[in-house]
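Engineer: Please build the complex by placing chain S on the supplied structure of chain X, with the hints as guidance.
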Amino acid sequence: MSTHRIECTVNGEAHSVEVPARRLLADFLRDDLHLTGTKRGCETGICGACSVLLDGEVVKSCLMLAVQVNGRELTTIEGLAEGDELHPLQKNFMQCGGLQCGYCTPGFIMASCDLLKNNPRPSCDEVRHGLSGNLCRCTGYTQIVESVLHAAEEMNHGD
Amino acid sequence: MREFDWLEPASVEEASRMLADLGDEVRVIAGGTALMLGMRQRMLAPTHLISVAKIERLRGIGFDAAQGLRIGALARHSDVARSPLVQQHAPVLASMAARVANPQVRNQGTIGGNLCYADPSTDPPGCLMALDAQVVLGSVRGERVLSIEEFLVDYYVTALEPDEIVLEIRVPPLAAGTEGVYSRFLRTAAEHRPLASVALVARREGALCREARIAVGASTPIPTRLRCAETFLEGRSVTPEVAAEVADIVAQDITPVEDLRGSADFRRDMVRAVARRTVAELFGLSIDQGVPA
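Residue numbers (the numbering used here), protein chains in the order written: chain X, 1 to 159; chain S, 1 to 293.
In case anyone wonders, no lab produced these hints; they're calculated from the structure. Just to be clear, a hint being listed does not mean it is correct.
[As the list claims (entries may be wrong)] Label pairs and their in silico Cβ distance ranges:
#1 S:Ala10 <-> X:Gly12: 22 to 32 Å
#2 S:Glu143 <-> X:Leu86: 48 to 58 Å
#3 S:Gly284 <-> X:Ser123: 20 to 30 Å
#4 X:Ser16 <-> S:Gly284: 54 to 64 Å
#5 X:Leu86 <-> S:Glu241: 54 to 64 Å
#6 X:Pro20 <-> S:Ala10: 21 to 31 Å
#7 X:Thr3 <-> S:Lys54: 16 to 26 Å
#8 S:Glu56 <-> X:Asn118: 20 to 30 Å
Just so it is clear, CB atoms sit at the ideal spot from N, CA and C, and this is done for glycine as well.
The shape of chain X in the complex, shown without the other chains (with noise of 0.2 Å):
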């Protein structure tokens, strides 16, 4: 089995690990760079709670090997934060109830990321189609796009 560098730049960190061919992207953000905010849940692709920005652009990190990601930039769950100031996703999502056990919400808050930058202003029906590749077990949606719906408001406020 080959292993290969892997040079990228996760949460602004130039990172450079040597890592087997078969290593999932999900499993060397978490067990290589300790950034466990990602989460592994269905591990088939369905469930989206392993989403990561890659380039700016949401993936699923348990369909893909690290190898891909050599010369990328990626952004996780824990890249969002400015220091002590929460994300406007991550507190909407605190304060709208967003979230029940909270295990999928990084995954929502990151595939959130994606949909806010392309469609800064979504319709309630958009947001639904924009997090499609997600699932929640606990909530129900509802508040998931409340909280979104409500992000984005206040990201659009300075504009």
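Structural biologist: The following block gives chain S in isolation, referenced to the frame of chain X:
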């Protein structure tokens, strides 16, 4: 997931040589969204993965008036959906690509990878068939061009030779007055694999259908062109009744697969419903009036 070696050729020739030299248990990886699932479930245990991500020949989306759209095999579904060229010259393809799976998969999965995997329960193959698309294959032996119908051989089987890779997809220019509609039926909103899909590309003058290409996907082992239904439509003024008749012909002419996700009868019924809606949408008809479902 079993162990394997990772290779990153920089050219089509290099990739082709690797494929020829490394034996039967070699797989090509583009985005990997489908391949990873197969490997993690140990349905596939390749000795080598050949990543085509560094082959420039497979990148980009272009258009020229004679050949139409050229979509590099590495174009992701999100690239196809957002491409101004695709939106302008084959809007139905952009609209289909915007609905593939979910945002995460669209940002990673590629149109070339989708075709090579030949999974029937996905959106692109049927839509590309109705667009009369062609697939360009390359190896050390040169390039060849196949129609989608020639390329897709059977359930998960393509016409790719062991040393070949897909380079690009070509979508011929659409004649003036040509429109397309792609519709599908999902069993649940959360299940992203269509159970039935219908793509219709038709040239029309008002209600009159001049030319039509219809392909059913997801319900048959490979997408199926419905030539009887196309002939029936051509030269006809399309009314809600005609839409219903075409849908009956379409449903009759397919041999649906049957599996845990749906019986053959259920699939046939869904194809009929989707076909009727698709024809009605393209010709701007309201099908809720006059004709029973």
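Engineer: Quick check: does the Cβ-Cβ distance between Glu143 of chain S and Leu86 of chain X fall within 48 to 58 Å?
Structural biologist: Given a distance of about 53 Å, which is inside 48 to 58 Å, the answer is holds.
Engineer: Does the beta carbon distance between Ala10 of chain S and Gly12 of chain X stay inside 22 to 32 Å, or does it fall outside?
Structural biologist: holds, 30 Å
Engineer: Lying within 20 to 30 Å: is that true of the beta-carbon distance Glu56 of chain S to Asn118 of chain X?
Structural biologist: Given about 27 Å between the Cβ atoms, the range holds.
Engineer: Just tell me: holds or violated, for the beta carbon distance of Leu86 of chain X and Glu241 of chain S against 54 to 64 Å?
Structural biologist: holds, 59 Å
Engineer: Taking 16 to 26 Å as the hint, is the beta-carbon distance of Thr3 of chain X and Lys54 of chain S inside that range?
Structural biologist: holds, 19 Å
Engineer: Hint says 54 to 64 Å; check whether the CB-CB distance for Ser16 of chain X and Gly284 of chain S agrees.
Structural biologist: Holds: the Cβ-Cβ distance is about 58 Å, inside 54 to 64 Å.
Engineer: Is it true that Pro20 of chain X and Ala10 of chain S lie within 21 to 31 Å of each other by Cβ?
Structural biologist: holds, 22 Å
Engineer: Go ahead and decide if the range 20 to 30 Å is satisfied by the Cβ distance of Gly284 of chain S to Ser123 of chain X.
Structural biologist: holds, 25 Å
Every hint from the earlier list agrees with this structure, and none is contradicted.
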